[in-house]
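There are 2 protein chains.
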Amino acid sequence: MHQKILTGDRPTGSLHLGHYVGSLMQRVALQDTASQTILIADMQGLTDNGHNPRKVADNILNVLADYLAVGIDPERTVICLQSSLPALAELTMYYANLVSVSRLERNPTVKTEIAGKQFGRSIPAGFLSYPISQAADITAFRATLVPVGEDQLPMIELTNEVVRKVNQVAGKAVLIECRPLLSKVPRLPGMDGKAKMSKSLGNTITLGSDEAEIRQAVKMMYTDPNHVRIEDPGTVEGNVVFTYLDAFYPDEAYIQQLKRDYRHGGLADSRLKKILEECLQETLSPIRQRRAEVIDDKARLISILRSGTEKARLETEAVAREVKASFGLDVLG
Amino acid sequence: MHQKILTGDRPTGSLHLGHYVGSLMQRVALQDTASQTILIADMQGLTDNGHNPRKVADNILNVLADYLAVGIDPERTVICLQSSLPALAELTMYYANLVSVSRLERNPTVKTEIAGKQFGRSIPAGFLSYPISQAADITAFRATLVPVGEDQLPMIELTNEVVRKVNQVAGKAVLIECRPLLSKVPRLPGMDGKAKMSKSLGNTITLGSDEAEIRQAVKMMYTDPNHVRIEDPGTVEGNVVFTYLDAFYPDEAYIQQLKRDYRHGGLADSRLKKILEECLQETLSPIRQRRAEVIDDKARLISILRSGTEKARLETEAVAREVKASFGLDVLG
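Line by line, the protein sequences are chains L and C.
The opening position of the first sequence corresponds to residue 0 in numbering that gives the first Met the number 0, with each subsequent residue numbered one higher.
The opening position of the second sequence corresponds to residue 0 in numbering that gives the first Met the number 0, with each subsequent residue numbered one higher.
Isolated chain L, as found in the complex (with noise of 0.2 Å):
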């Protein structure tokens, strides 16, 4: 069966490498195999940014020219504006009435997120129900196949749980379930090797990202602390520059070498970063270039998104019909 693809990000701020390791080089590779969306998630977004939605708004054209940076072809990947579509909010309110509030304040990785935000009693009602709005994007647009990251996988179970209450109550088959794509790449650190890698925490390296930035970033990696001395044995494992160069690095072989002499003792962390550093230098160049080329372009940017949207409102539109009609709901047509 030919998979149906729905992907997306949050547009919180410009996308970094752990994006671009952990999801984007993904979607440009299956661009060529699967039909694909991708949802700039606007919306989902704002449940946790509800007083600030600026910083949402001028996130969206940033993350768009990422897209197009790291090679993601608007001829082969829809890409869509959330907000933009209603049938997305319609979907949501339908199936909150299927879904309990305590099915939704069981959800480990809501409960996680809730406990590392300073929401502290005012959880928004929005942020505790997006995975309702979750299994609105993925049923909308008929998605079988959902990449996701360990930690999403509830989002998965719940939204295959919505599709058969839904075609329970229609009494047919109205909606699909879906299959989480596991990623393969665990999940890049940030250079401070904290596990969670933002702008604000100044712990990552953004896609477009200046030479002296990747710079200066690198030469701030978190190595290993007891590697005080060159001809000290060193330890790879949790040496951020190492987990860095594995995701990075296209020779694997040379890797290898460099592991076993830095656990030998006698590689300097400093010329592990300047090999780190070339590596990302040559990786992020072109990026940086054709990101330059298309966030300058903004009539360009928006007629990409306005044109994916609007394939995509005609798609989504059609599946809230259905529900809606199989729940009766088509006085109107």
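All the given hints hold, so there is nothing to weed out.
Same chains, same names: a pair is fine if it fits in one copy or spans any two.
Heads up, simulated DSS-like pairs for lysine-lysine below, C-alpha to C-alpha not over 30 Å straight-line:
{"no.": "1", "residue 1": "K3", "residue 2": "K183"}
{"no.": "2", "residue 1": "K54", "residue 2": "K171"}
{"no.": "3", "residue 1": "K297", "residue 2": "K171"}
{"no.": "4", "residue 1": "K110", "residue 2": "K164"}
{"no.": "5", "residue 1": "K164", "residue 2": "K198"}
{"no.": "6", "residue 1": "K116", "residue 2": "K171"}
{"no.": "7", "residue 1": "K195", "residue 2": "K272"}
{"no.": "8", "residue 1": "K198", "residue 2": "K110"}
{"no.": "9", "residue 1": "K310", "residue 2": "K54"}
{"no.": "10", "residue 1": "K54", "residue 2": "K164"}
{"no.": "11", "residue 1": "K164", "residue 2": "K3"}
{"no.": "12", "residue 1": "K198", "residue 2": "K116"}
{"no.": "13", "residue 1": "K198", "residue 2": "K218"}
{"no.": "14", "residue 1": "K198", "residue 2": "K272"}
I should point out that these hints are in silico values taken from the structure, not numbers from a laboratory.
Given the structure is predicted, the values throughout are model-derived calculations rather than measurements.
Place chain C on chain L using the hints.
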């Protein structure tokens, strides 16, 4: 200032005498003095009928027929269908990010309703957050006046909280606050004296009831259980027949006389019921007749609803567009 009124009903059954005295008569009167919109709130009807959407769907045209039967004029009052207005779902999603889960859980109206329903621990997410959806309805029509019962005042309060938050986030007055229009008519009890009146409890008379049904219903009506012999003094307070006479009988002085006679003793329940029955037959006869005329012309009903919904669509989409723009989310115009 010219008032803009939003009112409506959940289409979960045909409308009955309680609706007639509680809101329908007021709406008929208001259509000459204010700009009035009536929303058939099928999306809200689904919030506690998620597993039985056809119950809601099947009552949309019934409720519309009830409106026309009592004299609501689609030329003077916009009648529209909630599920055909996607802007309401969109606004609901924006507002949900500005209202906390605990704020919703504190809502006294929703609390009481949840206690009265059979949700158990499975309160649908859509039900908990229906006050947000109501805020979307009210603001999307720029309503200044919302007819409510005393028990629904917390909904108006929440709506105005949302208005203030949106305006604060937007940095300007995008939305306007509304005021409640409190009904002066006390809530009509069920014919069995119960506060809740519903077709499923069999304690009400729907607007389409035929003569025999009205006769039977009045016959079953609760009076004073201690008024055993005609010559005994009877109690007027809490006597449902008197409550209905108060609500429907046009000659107030005559009812005062009846009350005196009843208290004194010598006025039979059967005589009282006969007076009420005649009054109700007279009230409902023209309504039933008009209802029968309109309910058979399904095409006309649909055309009326479609035309009202089209007007409402333009109105609500304009407000949603304004809210989005004020948040900076007008990237695609």
